[in-house]
Amino acid sequence: MKICFKNSVLALLLALSFFLAPSMALAWPADADWIPVYRGADPVDDTLNDAAGSRDIVGDVTTPYPAAYISNDGTYINYRIRLDDDPLNNPRTQLDPFGWGFIIDTDQNADDYEWMIMLDGISEELYLAENTVKTGVGDPSDKAEVIATPTWPEAAVLNGNYRVVTADSTFNGDTDYFLDFRLNYADFKAATGITDSTAIRYFIGSSNSAQTLASDLVAASDLYSGLSESVLPTGPQPTTGSVKFVADLAGNGDVTEIYPGDTIYIRVDDADQNSMASEA
Numbered sequence: 001m002k003i004c005f006k007n008s009v010l011a012l013l014l015a016l017s018f019f020l021a022p023s024m025a026l027a028w029p030a031d032a033d034w035i036p037v038y039r040g041a042d043p044v045d046d047t048l049n050d051a052a053g054s055r056d057i058v059g060d061v062t063t064p065y066p067a068a069y070i071s072n073d074g075t076y077i078n079y080r081i082r083l084d085d086d087p088l089n090n091p092r093t094q095l096d097p098f099g100w101g102f103i104i105d106t107d108q109n110a111d112d113y114e115w116m117i118m119l120d121g122i123s124e125e126l127y128l129a130e131n132t133v134k135t136g137v138g139d140p141s142d143k144a145e146v147i148a149t150p151t152w153p154e155a156a157v158l159n160g161n162y163r164v165v166t167a168d169s170t171f172n173g174d175t176d177y178f179l180d181f182r183l184n185y186a187d188f189k190a191a192t193g194i195t196d197s198t199a200i201r202y203f204i205g206s207s208n209s210a211q212t213l214a215s216d217l218v219a220a221s222d223l224y225s226g227l228s229e230s231v232l233p234t235g236p237q238p239t240t241g242s243v244k245f246v247a248d249l250a251g252n253g254d255v256t257e258i259y260p261g262d263t264i265y266i267r268v269d270d271a272d273q274n275s276m277a278s279e280a
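Under the numbering used here, the sequence shown has 182 at position 182, and the numbering climbs by one with no breaks.
If you're looking for bench data, these hints aren't it; they were derived computationally from the structure.
Mixed in with the good hints there might be a few duds.
Here are the in silico distance ranges between beta carbons for each label pair [unchecked claim]:
| no. | residue 1 | residue 2 | range |
| --- | --- | --- | --- |
| 1 | 42 | 251 | 29 to 39 Å |
| 2 | 174 | 252 | 54 to 64 Å |
| 3 | 94 | 47 | 40 to 50 Å |
| 4 | 160 | 196 | 56 to 66 Å |
Positions of the beta carbon are idealized from the N, C-alpha and C atoms, including for glycine.
Based on the provided sequences and hints, a complete structural model is requested.
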């Protein structure tokens with residue numbers, strides 16, 4: 001009986017670890033870890049009621065309620081869009097039959113874009129695709145033709161690679177929702193060639209077909225005026241640093257003359273370009 005009891009306890013613990021381990025591995029960013037996407041000096045916003053239902057992306061710079069966010073924990077690159085309506089279907093088990101996505105510009109040329117991340121509610125898939133045949137200058141509705149196989153497409157799994165949570169805003173006087181989705185960061189970098197230090201720009205939108213962004217285009221109808229400020233895929237905006245000669249080890253003063261035999265102190269301010277304050 002004792003052996004049987006021990007075996008039963010062991011089996012129970014193994015079963016619990018099986019169910020609990022995925023949920024711990026799939027932890028989403030805390031609210032404070034989401035970084036708003038900026039266009040100019042303000043977070044991106046969008047006009048209310050310029051698309052129907054869950055395709056209506058909303059945001060307001062005065063509140064502020066940013067329309068879109070990003071977050072990167074080193075394992076996943078996470079994306080968040082603020083919606084006026086619940087993007088889940090009536091039983092709340094699957095997505096509405098639309099699409100929501102982020103366009104990525106990697107070459108700082110707004111004539112076209114290079115990559116698109118799409119959460120597809122028609123096929124219930126999440127995918128990363130490359131824009132290889134570039135048509136329509138500055139057109140965000142240009143289709144990304146080539147899905148980055150073999151990693152994508154992957155099945156859209158509620159509370160797995162996407163989730164829906166109540167937002168902190170009430171546009172139109174009712175509940176708004178955050179639609180969050182994410183990609184494995186190592187796979188994302190391998191597919192795109194993007195590195196931690198690559199400056200990229202985003203354009204956010206929703207889709208009727210889940211193939212192109214054409215339903216609600218956030219903030220503008222073209223890439224020239226709608227692309228975000230440049231950001232690093234790790235989240236912060238890239239900034240330059242400075243190097244100067246100083247008077248002591250603490251970094252004080254500004255030395256303009258140095259003579260033989262002087263101890264030289266150099267201060268480096270990197271403006272946290274690599275997102276790690278402890279490293280230059």
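I'd like to know which numbered hints this structure contradicts. Please list them from smallest to largest. Violated hints (numbers, rising): 3, 4; every other hint is consistent with the structure.
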